[in-house]
Every structure is written in structure tokens, then in C-alpha cells.
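Dock the two chains into a complex; use the hints.
Note that the protein sequences, when read in sequence, are chains A and B. The numbering of the first sequence is our numbering, which starts it at 553 and goes up by one. The numbering of the second sequence is our numbering, which starts it at 63 and goes up by one.
I should point out that these hints are in silico values taken from the structure, not numbers from a laboratory. Check the hints yourself; a few may be wrong.
[Unchecked claim] Think about it this way: if two alpha-carbon atoms lie no more than 30 Å apart in a straight line, the pair counts; the simulated DSS-like pairs of lysine-lysine are:
1) B/156 x A/573
2) A/601 x B/132
3) A/611 x B/133
4) B/139 x A/611
5) B/201 x B/222
6) B/209 x B/129
7) A/573 x B/133
8) A/611 x A/636
9) B/129 x B/156
10) B/129 x A/624
11) A/601 x A/611
12) A/636 x B/129
13) A/612 x B/222
14) B/156 x A/612
15) B/133 x A/637
16) A/634 x B/133
17) A/612 x A/601
18) B/201 x A/637
19) B/222 x A/636
20) A/624 x B/222
21) A/624 x A/601
22) B/139 x B/222
23) B/139 x B/156
24) A/573 x A/637
25) A/634 x B/132
26) B/129 x A/634
27) A/624 x B/133
28) B/209 x A/611
29) A/636 x A/573
30) A/601 x B/129
31) B/132 x A/637
32) B/132 x B/156
33) A/637 x B/129
34) B/222 x B/129
35) A/624 x A/611
36) A/612 x B/133
37) A/612 x A/573
[Said to hold, decoys possible] Per label pair, the in silico range of CB-to-CB distance:
38) A/571 x B/226: 23 to 31 Å
39) B/256 x A/630: 26 to 34 Å
40) B/256 x A/599: 37 to 45 Å
Remember, predicted model here, so these are calculated numbers, not experimental data. We put the CB at the ideal spot given by N, CA and C, even for glycine.
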Amino acid sequence: MGGLPANRTVNGFAVDPDNPKVMYVAMRDGLFKSTDAGETWRRTGGELKNLAAVGINPKKPNEMYAATMDGKIYMSADGGMKWKKQQ
Amino acid sequence: MKRKLYLGLLVGLFWLLRGSEVFAQQTDHKKSGQGFEHVHALAMDAEGRILFLGTHTGLFRSEDGGKSWKKVTLSAKHSHLDIMAVAHDPRDPKMIYVGTHEAGIFKTPDGGTTWGQANTGLGGLDVHGLALDPNVPSKLHAAVREKGDGIYRATDGGGKWVRVDDGPGGEVKVLTSVNIPTGMGGIFLYAGTSEGLQRNPDCF
Chain A
553 MGGLPANRTV
563 NGFAVDPDNP
573 KVMYVAMRDG
583 LFKSTDAGET
593 WRRTGGELKN
603 LAAVGINPKK
613 PNEMYAATMD
623 GKIYMSADGG
633 MKWKKQQ
Chain B
63 MKRKLYLGLL
73 VGLFWLLRGS
83 EVFAQQTDHK
93 KSGQGFEHVH
103 ALAMDAEGRI
113 LFLGTHTGLF
123 RSEDGGKSWK
133 KVTLSAKHSH
143 LDIMAVAHDP
153 RDPKMIYVGT
163 HEAGIFKTPD
173 GGTTWGQANT
183 GLGGLDVHGL
193 ALDPNVPSKL
203 HAAVREKGDG
213 IYRATDGGGK
223 WVRVDDGPGG
233 EVKVLTSVNI
243 PTGMGGIFLY
253 AGTSEGLQRN
263 PDCF
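Looking at chain B on its own, in the form it has when it is part of the complex (with noise of 0.2 Å):
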């Protein structure tokens, strides 16, 4: 009884082992075949020469306008990242932020040659929409979906997040800062949503 149920674990075993690597054998071809899969963000850096594209498959960056793509590592911790959003900072062509799916916020100070991430603060790490201040690129805003959803703040370049506001109606797809000054010391936030295009006071 005993040597009949050890070999029906055995045999199951089997099974599930050859499951996995056939599951992995899948995803590794679905990854390679079908490139950016899905692109959520395109940005260029303050100087004009490096384009940025958040995909589905995690950040590429192409020196060529376009033609030509290489992709960025953000992170050995983090095989897949999902890049939702990808802001840099107008003064400052080395510093971008980009926003994950699963892993919050990335920081890079150098171009992208190190990144770390700044999600001190923050309810939850499904960032749709980072927009920074055209005016002080030290304050920015991000949009966060599902746990801890809403917009939350930082004034201090991504070191501190505070939750701000509920956020636009809808899922949102971009967030950006635009300088045009709303009459009462701020300017305005418009968001890209599910629902339209949506726009907020960013004196929340």
C-alpha cells in the first residue's frame, strides 16, 4: 500500500515538473516573438536625444528616433516589469523616472545606467501616471491603481510620497503636469483616463 502511494507521488511529480518547464518554454516564446507586446508610455529626454518607451515588456531606449531599440534594465531583483509611465525631469537630461506596474516607482540620477527604486510612502505599487512639475522638477505626482489607489505627492524628487487626492474617474493612462498657472498658486494636472481626458488644480 505504502510503494503504491510513494510511486503515484513520484509519477505526479513527474507531471508537475514537466508542466512547469513546458508553462516556461510558453512564456519564454510568447516573450521573445511579439517584442514590445504592449506600449503604455513614450517620452524623450530633456536634451532631445534619447527616446524612452514603456512597454509591457519593460523600458527600451532608442538613440535613433525610433528605429533602432535597446532595452534598459532596471532591476535584477524584478525579471519582468511592466513600465506604465516614464517622466524626466526638463532641466536635468539624466534624471527619468518611470512608473511599474508591480514595483512602484524607478529613479535613475545618470541616464539609466543605475536605477533604484522610491516608493517611500506610497499605498500601493501599480503606478499608471507620473507627471513632474515643468516648473520644479523636484515635485511629482503619481497616479496609483488598486491597493492604496489615488494621487500622492512628493516635493522632494520621489523621496517621500504623501496621498494628496482620490484621483480622475476611470483607470488612469497618463498623468502630466502642464504650466498653465490656475489662478490660485498651482498649475494644472491633466489625465488621460478611461473616461477622457480629465483636468485638476494640483493644489490639492
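Looking at chain A on its own, in the form it has when it is part of the complex (with noise of 0.2 Å):
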């Protein structure tokens, strides 16, 4: 699973449901997104850090939320790539 900081706790998963080779990860680091199941990672979402939790709208799968650690919502339209503070 290249592309992952090593040793480090993965908080949050999610998958997009129209091609679950599509994944997101979850870190303190960040946003992390891979299009091959897993093998291969890069970062994505930007500034993102201390991320506790990512979510994707099944019947948008751009349509993303990701949470951090200290509750802050954040929504993306574009797939995880721009990201905008929800309250």
C-alpha cells in the first residue's frame, strides 16, 4: 500500500460505490485517495489535517464529507479535491 505515511493510525475509510477501486484514507496527515484498490496512494483535499472520519453521498459519489478530529464538517463537490468548511 504504497503512498501512506507508514506507521501511522488510519481513522477513516470510504469507498466509492461505483468503483470500489476508488478509496479514500483518512490521517491526521490528511486526505489520501486511491484509484486501484489500495495499491498505490497519493495525497488529495489539500490543507485537510487531523481528519477523523471521511464519507461519500452514495447517489453522488463526488459529493464528499470528511470530519476532523475536533468536529469540524468539511464537503466536497469535486471528488475531494476542493474542500469548503460546512458551519
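The following block contains the structure:
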């Protein structure tokens, strides 16, 4: 699983229901995306950090949500590239 | 001598009661002042309408994309529930499961109006991960920590759990069934843990 920070806690995980090889991992270091079922990963989500969880809208997989450990909620409408704080 | 003893007991009782009152006030203040405190899980229902947030201070739901939240009461018996996992049925938007730190698994068939515990067969009640099979939503896997730790499976919507594996190394933070065939008749279970992301075929 190359590309993820080694020996670090994975707090959150989400899968694209239309294409399960596309998956996201939420970590203290930020958001990471894989398009090959987790073989390789690259950082996405800009400056997002301290993430506790990530979720995908099953009806619109480009719409994503992320929560930081201290409860801030962010939304993305473009598959996790740009994020907007919700509260 | 006896009178002194009674007086001492009364003074001790007074300070004990006063101390517990102060402690209760501090606990309430802490709860109300810090909102979610710590987030563990985030999931959206099958219709893409309601977001659920599992936190240290309970389960919350939002119908406006996370801008505002309402607390969901799971049980009158448990005043405090630490929600570790939220899983929704991909075919039935009203069927939702949550895993808790102290009271096992709760399930609602009506979108969160009524909840019941679904713990038969679980060796412990500290549930850190809950995964529904996207192909067969009545098939679930649960990751239990501490007492009775391991991976449990239910094939009847959480009616009866059977321990099927020791589980991944490290503390499980999230557990998900991913619809990628293993070639052995099952699909893969992915676990986010304190030792990174791990995966295993679900045909234990």
C-alpha cells in the first residue's frame, strides 16, 4: 500500500460505490486517495489535516464529507479536490 | 465517644455528597461546552440525504450537509454512548447500524426513530468497526476490542454473531466491506487501524 505515511493511524475510510477501486483514507496527516484498490496512494484534499472520518454520498459519489478530530465538517463537490467548511 | 463517631460520619457524608455534586456539575459543563468532543465515524444514508456523525458524545444527524446537527437518542437506559462506527444498508435507507464503545451494537429499521440492541453472540461490547456487505446487506462484520476481541460475523442483519477471526493487528478504527472479489468466493474487508490500512478476504 505505497504512498500512505508508514505506521500511522488510519482513522477513516470510504469507498466509491460506483467504482470500489477508488477509495479514500482519513488520517492525522490529511486525506489520501487510491484508484487501484489501495495499491498506491496520493495525497489529496489540499490543506485538510487531523481527519477523523470521511464519507461519500452514495447517490452522488463526487460529493464527499470529512470530519476533523475536533468536529469540524468539510464538504467537497468535486471528488475530494476542493473542500469547504460547513459550519 | 459514640456521639463523636456519629458526628464524624455525618461530616464525612456531607463532604462526600458535596464532592459528587461538584463532580456532576463539572461533567455536565464539559459535555455541553465541547460539542462532539471527538469524532469517530461519518456516514451518509442510502438516499444521500442524511449525514450521521458518530462522536464521543453520541450520534448526531444532519439534513443540510453538515451545517447543523441534531442529537439522536439510541437508548433511554444509556445516558452516555460513545459512537465508534456507523454503517447503513445500501438498499434500505431506513436501516442503520451503530457500534458503541460501551453497549455493543444498536440497529434501527425506521431511520432512527426506534433502536434496539443487536448483541447476541458478541463476546464483548466495545465495538470499533461495523461493515455491511454491499452485495448482501444482511451480512455484517463487526470488530470487537478488549473483552472477546476479534472479528464477528452475522448473516441475519445482526440477529446472531459468531466470532470468525482474531482480526488485524493494532486497534481497529474503521471497518469496511469493499465490493472487490477475492477469487475465493468472497470480497475484501478493509480495516483502518493504529498500524495503518490492512485488508483481508472476508471468507474466514
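Structure-based check of each hint:
1. Restraint check for residue 156 of chain B and residue 573 of chain A: satisfied, since their Cα atoms lie roughly 27 Å apart, inside the 30 Å limit.
2. Only pairs whose Cα atoms come within 30 Å are accepted, and residue 601 of chain A paired with residue 132 of chain B is accepted, the gap being roughly 25 Å.
3. At roughly 24 Å between alpha-carbon atoms, residue 611 of chain A and residue 133 of chain B fall within 30 Å of each other, so this suggested pair holds.
4. Pair hint residue 139 of chain B plus residue 611 of chain A does not hold up; C-alpha atoms about 35 Å apart against a cutoff of 30 Å.
5. Pair hint residue 201 of chain B plus residue 222 of chain B holds up; C-alpha atoms about 11 Å apart against a cutoff of 30 Å.
6. Taken as a hint, the residue 209 of chain B and residue 129 of chain B pair is broken in the structure, with Cα atoms around 37 Å apart against an allowance of 30 Å.
7. Of the pairs offered as hints, the one joining residue 573 of chain A and residue 133 of chain B is violated, with about 34 Å between alpha carbons and a cut-off of 30 Å exceeded.
8. Between the alpha carbons of residue 611 of chain A and residue 636 of chain A the distance comes to roughly 20 Å, so the proposed pair stays at or under 30 Å and holds.
9. As the CA atoms of residue 129 of chain B and residue 156 of chain B are separated by approximately 22 Å, the hinted pair is consistent with the 30 Å bound.
10. A threshold of 30 Å between alpha carbons decides the hint, and for residue 129 of chain B with residue 624 of chain A the separation of about 10 Å falls inside it, so the pair holds.
11. Taken as a hint, the residue 601 of chain A and residue 611 of chain A pair is honoured in the structure, with Cα atoms around 26 Å apart against an allowance of 30 Å.
12. Among the hinted pairs, residue 636 of chain A with residue 129 of chain B is consistent with the structure: their alpha-carbon atoms are about 11 Å apart, no more than 30 Å.
13. Straight-line distance between C-alpha atoms of residue 612 of chain A and residue 222 of chain B comes to about 33 Å, which puts the hinted pair past the 30 Å bound.
14. For a cut-off of 30 Å, the pair hint linking residue 156 of chain B to residue 612 of chain A stands: about 18 Å separates their Cα positions.
15. Between residue 133 of chain B and residue 637 of chain A the alpha-carbon distance is near 20 Å, which keeps this suggested pair within the 30 Å criterion.
16. Only pairs whose Cα atoms come within 30 Å are accepted, and residue 634 of chain A paired with residue 133 of chain B is accepted, the gap being roughly 28 Å.
17. This hinted pair checks out: residue 612 of chain A and residue 601 of chain A have alpha carbons roughly 24 Å apart, not beyond 30 Å.
18. As the CA atoms of residue 201 of chain B and residue 637 of chain A are separated by approximately 35 Å, the hinted pair breaks the 30 Å bound.
19. For a cut-off of 30 Å, the pair hint linking residue 222 of chain B to residue 636 of chain A is broken: about 42 Å separates their Cα positions.
20. Between the alpha carbons of residue 624 of chain A and residue 222 of chain B the distance comes to roughly 36 Å, so the proposed pair goes past 30 Å and is violated.
21. As the CA atoms of residue 624 of chain A and residue 601 of chain A are separated by approximately 11 Å, the hinted pair is consistent with the 30 Å bound.
22. Pair hint residue 139 of chain B plus residue 222 of chain B holds up; C-alpha atoms about 22 Å apart against a cutoff of 30 Å.
23. The straight-line distance between the Cα atoms of residue 139 of chain B and residue 156 of chain B is roughly 23 Å, inside the 30 Å bound, and the hint therefore holds.
24. A distance of roughly 27 Å separates the Cα atoms of residue 573 of chain A and residue 637 of chain A; the hinted pair therefore holds under the 30 Å criterion.
25. The straight-line distance between the Cα atoms of residue 634 of chain A and residue 132 of chain B is roughly 26 Å, inside the 30 Å bound, and the hint therefore holds.
26. Of the pairs offered as hints, the one joining residue 129 of chain B and residue 634 of chain A holds, with about 17 Å between alpha carbons and a cut-off of 30 Å not exceeded.
27. As the CA atoms of residue 624 of chain A and residue 133 of chain B are separated by approximately 16 Å, the hinted pair is consistent with the 30 Å bound.
28. The straight-line distance between the Cα atoms of residue 209 of chain B and residue 611 of chain A is roughly 38 Å, outside the 30 Å bound, and the hint therefore fails.
29. Proposed proximity of residue 636 of chain A and residue 573 of chain A is supported: the alpha carbons are some 25 Å apart, at most 30 Å.
30. With a CA separation close to 19 Å, the supplied pair residue 601 of chain A and residue 129 of chain B stays within the 30 Å bound.
31. Our distance criterion of 30 Å between C-alpha atoms is met by residue 132 of chain B and residue 637 of chain A, whose separation comes to about 18 Å.
32. Note on residue 132 of chain B and residue 156 of chain B: the hinted pairing holds, with a Cα-Cα distance of about 17 Å set against a maximum of 30 Å.
33. Between residue 637 of chain A and residue 129 of chain B the CA atoms are separated by roughly 9 Å; this keeps the pair inside 30 Å, and the hint holds.
34. Between the alpha carbons of residue 222 of chain B and residue 129 of chain B the distance comes to roughly 37 Å, so the proposed pair goes past 30 Å and is violated.
35. Using a Cα cut-off of 30 Å, the hinted pair residue 624 of chain A and residue 611 of chain A holds, with the two alpha carbons roughly 23 Å apart.
36. For the given pair, residue 612 of chain A sits about 25 Å from residue 133 of chain B by alpha-carbon distance, which is consistent with the 30 Å threshold.
37. A C-alpha spacing of about 16 Å is found between residue 612 of chain A and residue 573 of chain A, which places the hinted pair at or below 30 Å, so the restraint holds.
38. Between residue 571 of chain A and residue 226 of chain B, the C-beta spacing of about 28 Å keeps the proposed range 23 to 31 Å intact.
39. Checking the proposed 26 to 34 Å range against residue 256 of chain B and residue 630 of chain A shows it holds: the Cβ atoms sit about 31 Å from each other.
40. Taken as a hint, the range 37 to 45 Å is violated for the pair residue 256 of chain B and residue 599 of chain A, whose Cβ atoms sit roughly 24 Å apart.
In terms of the numbered hints stated before, the structure departs from hints 4, 6, 7, 13, 18, 19, 20, 28, 34 and 40, listed from lowest to highest.
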